[in-house]
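Trainee: Residues per chain, in single letters:
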Amino acid sequence: MRKIMLIAASLAMLSVAPAAAQNGNGNGKGNGNGNGKGNAGGNAAIGKIDLSPGNSGKRGDQKGKNKPIEKAAKQNAQQIERQIDRARKDIRGNIDDARQVVQGNGNRDRIERNRNGNRIDVVDTARRFVAGDRTAERRLFDLSQDGRLRFRPQRDDDYGLITGCPPGLAAKNNGCLPPGQAKKIARYDRQLSQRRPYYHYLGWSPRYRNDDYAYSDGYAYRTGGSNNLITAFLPLVGGALFQGNSWPQQYAADAVPDYYNSYYGGGADNYRYADNTLFGVNPQSNTITSIAGLLTGNDFTVGQRIPSGYDMYNVPYGYRDQYRDDAQSLYRYSDGYVYQVDPTTRLVQAAIQLLT
Amino acid sequence: MTIGKFAALMSLPVLLALGACDDSAAEKAANVSENPGERESLIATLDGVRELSTAAAMLKQAGLEKALNGPAPYTLFVPTDEAFKAVDADTLARLNNDEGRPELIALLRYHIAPGVVTQEDLMSAIDGAGGTAELANVAQGMLAFSKQGERVAIGSGDQAAMIVGAPIETSNGVIYSIDRLIAPQE
Chain A
73 MRKIMLIAAS LAMLSVAPAA AQNGNGNGKG NGNGNGKGNA GGNAAIGKID
123 LSPGNSGKRG DQKGKNKPIE KAAKQNAQQI ERQIDRARKD IRGNIDDARQ
173 VVQGNGNRDR IERNRNGNRI DVVDTARRFV AGDRTAERRL FDLSQDGRLR
223 FRPQRDDDYG LITGCPPGLA AKNNGCLPPG QAKKIARYDR QLSQRRPYYH
273 YLGWSPRYRN DDYAYSDGYA YRTGGSNNLI TAFLPLVGGA LFQGNSWPQQ
323 YAADAVPDYY NSYYGGGADN YRYADNTLFG VNPQSNTITS IAGLLTGNDF
373 TVGQRIPSGY DMYNVPYGYR DQYRDDAQSL YRYSDGYVYQ VDPTTRLVQA
423 AIQLLT
Chain V
-14 MTIGKFAALM SLPVLLALGA CDDSAAEKAA NVSENPGERE SLIATLDGVR
36 ELSTAAAMLK QAGLEKALNG PAPYTLFVPT DEAFKAVDAD TLARLNNDEG
86 RPELIALLRY HIAPGVVTQE DLMSAIDGAG GTAELANVAQ GMLAFSKQGE
136 RVAIGSGDQA AMIVGAPIET SNGVIYSIDR LIAPQE
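Going down the list, the sequences are from chains A and V. Going by this note's numbering, the first sequence opens with residue 73, and the numbers climb by one from there. Going by this note's numbering, the second sequence opens with residue -14, and the numbers climb by one from there.
The following block holds chain A by itself, in its conformation from the complex (with noise of 0.2 angstroms):
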């Protein structure tokens, strides 16, 4: 109820911003950055109705000569709370629309056939706020100079999570997870917690050693405060990432570099990055279609140190012959890549590609 509540100020606050553009400011963009912090955004909104010269007076009014203000910020509140009383009366049905676009269901075409201008913008804030940060979407890879990719850090805690709720559990009257669904993650996750040595999957990454985090129907969850509730999750290799499953739109569906793809076996299908995975995506219809390709994740940098973990050789067969180990130079492949490297000091002296 209080997530509802505060979605119902979140969408009064934006329907406040015209308003206030009128009235002067030409600032009045509610919380139109995306960042979920509904109640920000349209507080500056208010701020700036009160104090603007066409609304109450010169600013800087010394005490005594406010009165002016203080009426029109008591209208204006009034205002306010009368959009706030339809905001709650509609935002229950809004809410079920704003369910679907958070799933992605593909029933934003008919919202916005529906509604007017205005709705979508209620729709989309009703978004932000219920799923976070869902709108922007995560990048898993940079790349470096000379094109290849360049991995985040895995041990990061927040590395791939997507923060907000997982798709089928959002907007639920506790949150993003509804009781049921929490007794079932529970359970699964204490028994898989009572079968050591062979450690339930969230225990194997250091990541995932933290009491704060489940694993259910192919997502690891991460909850926290008092309640419990989820607050971020991820899809996991195997799970969501599987073939069949559509590429999550929370996830930047840049293809990697056109030598991956190559390297890795090519074909009609793109290559996308996630958590030292290779996956092949179908370009139009967006579903995985297949673990192209196993990665390291280690960063081999020009002219900083190997990572630790190649003391042996091992080039692939066919390059064996034109790169082999000698006083001047050893030769180590990874992801796709050989590198040459200086036997004395251990750098990194070159990348070298191997489909020339």
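Note that these hints are calculated values from the structure, not bench results. Hints are not guaranteed to be accurate.
Some chain V residues well away from chain A (every beta-carbon gap over 10 angstroms; in silico) [claimed, not checked]:
| no. | residue |
| --- | --- |
| 1 | Asp7 |
| 2 | Ile28 |
| 3 | Ser38 |
| 4 | Leu89 |
| 5 | Ala138 |
| 6 | Gly140 |
| 7 | Gly142 |
| 8 | Ala151 |
| 9 | Asp164 |
Label pairs and their calculated CB-CB ranges [unchecked claim]:
| no. | chain 1 | residue 1 | chain 2 | residue 2 | range |
| --- | --- | --- | --- | --- | --- |
| 10 | V | Asp143 | A | Asp218 | 42 to 48 angstroms |
| 11 | A | Asn317 | V | Ala15 | 39 to 45 angstroms |
| 12 | V | Gln133 | A | Gly316 | 39 to 45 angstroms |
| 13 | A | Pro355 | V | Gly22 | 30 to 36 angstroms |
Computed footprint of chain V on chain A; a stretch qualifies when at least three of its residues, placed anywhere within it, have a C-beta under 8 angstroms from a C-beta of chain V [claimed, not checked]:
| no. | segment |
| --- | --- |
| 14 | 304 to 312 |
| 15 | 328 to 338 |
| 16 | 373 to 387 |
| 17 | 398 to 409 |
Bear in mind the structure is a predicted one, so any value in this text is a computation, not a measurement. Where is the CB? At the ideal position from N, CA and C, for every residue including glycine.
Start from chain A and add chain V according to the hints.
Mentor: The following block gives chain V in isolation, referenced to the frame of chain A:
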């Protein structure tokens, strides 16, 4: 259809399965072609090795066929069927259903390293590194190799897995048989 034909058809999958796994790892390793281009891929090779059938099935369940059939090279450390007998039945069942697939992939990644590490490369690295050599796997982890008598251990102490027999070289990598699963690092 006569009963005889029906019985023959019904037995076909069994015969095919037996036919697909009719070599031991030792026989496969001994009969490998000198020319990598004439060899089978990692997955196709695993399909033909009798004592690695459990791992072969798991790699398929994990959806790793394309990755391990492709041009990118990998070195696999594959637990034998005997090694999987040490895993309780419930865990195996969980790993082999869809709900457990993320867990299965996470586990298998510990057994996969990038590139081609031949037996000669492995022994040379252990000797050159003063007794223990490290190899990165695709689980953001590290495999530590050392000699224990005539054998090579992965890891140390009671949890160490031992390499069994000679490795099998394939068109896109190498397969080592090991006698237990590699436990993820704590």
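Trainee: Could you work out which earlier hints the structure fails to respect and list their numbers in ascending sequence?
Mentor: 4
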